[in-house]
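With the hints as constraints, model all of the structure from the sequences given.
2 protein chains.
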Amino acid sequence: MSTDPFRIGLLGHGTVGSAFAELLEERAAEIERFNGRRPVITGVLTRTRGSFEEVLSDADLIVELMGGIEPAREYLLVAMRAGKDVVSANKQLLSQRGEELFGLAREHGVLLRFEAAVAGAVPIVRLLEESLAATPIERIHGIVNGTTNYILSEMARGSTYAQALADAQRKGYAEADPSDDVSGRDAAAKMAILARLAFGAPVRLQDVPYEGIEHLRADDLQYARELGLGLKLIGTAERRDGGLSVRVYPAFLYAGHPLSSVSGPFNAVTVESETITEITMSGPGAGGRQTASAVLGDVVSVMTGGARPPAPPLELSLLEDVPSAFYLHLDVADRPGVLAAVTQVLGEQGVSIKSVLQRGLGENARLVMVTHAVPESSLRAAIVRLEEFDFVRSTPRTICVIEEEFL
Amino acid sequence: MSTDPFRIGLLGHGTVGSAFAELLEERAAEIERFNGRRPVITGVLTRTRGSFEEVLSDADLIVELMGGIEPAREYLLVAMRAGKDVVSANKQLLSQRGEELFGLAREHGVLLRFEAAVAGAVPIVRLLEESLAATPIERIHGIVNGTTNYILSEMARGSTYAQALADAQRKGYAEADPSDDVSGRDAAAKMAILARLAFGAPVRLQDVPYEGIEHLRADDLQYARELGLGLKLIGTAERRDGGLSVRVYPAFLYAGHPLSSVSGPFNAVTVESETITEITMSGPGAGGRQTASAVLGDVVSVMTGGARPPAPPLELSLLEDVPSAFYLHLDVADRPGVLAAVTQVLGEQGVSIKSVLQRGLGENARLVMVTHAVPESSLRAAIVRLEEFDFVRSTPRTICVIEEEFL
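Same order as they appear, the protein sequences are chains A and B. First residue of the first sequence? That's 874 in my numbering, and the numbers climb one at a time after it. First residue of the second sequence? That's 874 in my numbering, and the numbers climb one at a time after it.
There may be inaccurate statements among the hints.
Note: identical chains are not told apart, hence a pair may lie in one copy or across any two.
What the hints assert, rightly or not - Once the Cα atoms are required to be at most 25 Å apart in a straight line, the calculated SDA-like pairs of lysine to any residue come out as: (1) K957 / N908; (2) K957 / F907; (3) K1044 / S1146; (4) K957 / S891; (5) K957 / G1178.
Everything labelled a hint here was simulated from the structure, so no lab data went into it.
What follows is the structure, given as structure tokens:
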């Protein structure tokens, strides 16, 4: 067992980079105790300081915490071609140029670890790459964006969207420009990475349709609660009919679902498989120190000789229009025959109703329904027909509903 | 990359052993695709069939699924001395003779994996050994026995203990002789293993005090629900005052606790640390196929070159009498001054009350209280004093309460 230090070249010294350097310092002695080598940072590259070539030549391992596509991508490619193992927390890069990085890692026989790119301190990458490497996975549901989960938790307690967002910004859970989070795009990048690991198919960010939470209304959450549902921004990746569906969308979950109790700025992922039923992992989704902890876990894994890079990609077609249950919110005139007309139109499109809540509002009534699973295109066709009725008072609203299948 | 098959010698062919052989057969081609070698079972030893020496000499890896101390221990020691990597699902052996096995694995530089020994398909061993290897852990709370969790879930829905146990036996969640599960001993073995991994201290089954669920009454669960509490059989391993406390006991959890929503025959473990806040993993706790899946994950991990055996043990003293909040159930005469007398006695022992529920029952009343954290010895001293009062109508009952610290 060598007693040389294990030399780390650090690219990026922002929130996560500086938290990583601090955590490494704190834990170096303990890592040396069980590993036999002491990890030390031998070079740091920031936007204004340092030379990449020098950092690279002094390092056994490159840790990339810069974010963004370039120059992070170029640095990682050069490092792997030089035979160095690499660790990255860069979800943008991995979700957009993952195959290029994975292929180069395989070609040069180097390790590429990226636990911190998805779900902060929750070791979901390792679960998929290692523990479940031999398990055929059927579906992943994830809450992979802590900002939106915090906002939805606050809305469930009565806040408006704007109040909850302002509160999240005040507490540091949302950025000044929150659009990447609230639009669902950040979650889509993470789901692309998870889908690649779980199903072996080359899913990229641009393949993942996403819908955010900006259009949700507090009263949707109130009605949903009466139906026993809680609202989350969900990423789904699932096998269906020989293809793969990956998407991000707000969804109602039944109270017994393992993700329904995950609140605040937490992340959680449920992996479903015939073999294992389901495994759920949850924990803090972000925070410099939590993310740094995931990076350090990757460093230790490289030091002990970890898993290989993902195998070459499989071909799996990406599906759209997969069936789902839906919440359907209609404002209608409160007069006889309306419910019958609505259910007939739904029935003609193959949309069957699981539960209905009707409430009078003076001359109008509000109909809130939960459907059984139906292709989204069928529901859309029904809504086009419903909008033609004069008794429909405003644009119908729909939100996906995820039902419990296992518990 | 070698194209020789990866040869597995299987010891034991009961429920888990045969499920493992079946799962390996199903998944061998996929494992070969990403690993480059195909795993095959080259020998099987059962109680009535096969020769250990032949199984050993034909194998790259020994998978022990026999259970019990001997001859499993002897076989694993011989295999490791012969330089073979080993995988075991044997919680009795690991919790009683773990240091001997770990030491021999280090000495001979072989891998020893045992994910399936704790919490079935939930990869908690890997979480502690690898993802959190560099993280100082403060506390683990676990629901690590699916049988008792199923029984308590049914009792929370109104069953008596006897009804719930019979139901669990009918569904295959409890054995004909359930004493190892309902006494807490099975959970204690698992907590000993987790404590060794999380804290590096040589904790053995015989070091872990345990209390089971046989004495719990359905009406405790009813009162607790009114106080917003749910009952679980909890294993705790935690650092305190430079020492370590490991124990198994029924405990009430506040509704927001990550373990409070884990119901049915599931297992779940929450790991707390200043660095990561908390990570929770949950999934099926048992079942032949789920356990076999964890064993297969270990096999794949050995094939790809996994983590080393645990480092030599640290010295940490094992503590008793750690402070906790308690649920206290008293049947008293319904007359003036009783509550004042009770609270005075509690106060004299430093027991302060967080919430009280009082209910009249004809001439008697029932007092149900939840205390703030207090050493168990102080509460016991108060109860000795309370039992001296003539207005106390039956033996006071206490159950631990775990409060939310993070969320």
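One pair to classify: K1044 and S1146, alpha carbons no more than 25 Å apart. Within, between, both, or neither? between (37 Å within a copy, 21 Å between copies)
Have a look at K957 and F907 and pick one of within, between, both or neither, based on CA distance no larger than 25 Å. both (23 Å within a copy, 22 Å between copies)
As a check of your reading, is K957 near N908 (CA-CA no more than 25 Å) within one copy, between copies, both or neither? Both. Shortest intra-copy (19 Å) and inter-copy (21 Å) distances satisfy the 25 Å Cα cut-off.
Within a copy, between copies, both or neither: which one fits K957 and S891 at a CA-CA cutoff of 25 Å? Within. Shortest intra-copy distance 22 Å satisfies the 25 Å Cα cut-off; inter-copy 42 Å does not.
Status of G1178 relative to K957 across identical chains (alpha carbons, at most 25 Å): For K957 and G1178, the Cα distance is within 25 Å both inside one copy (13 Å) and across copies (18 Å).
Hint compliance for this structure: every hint is met.
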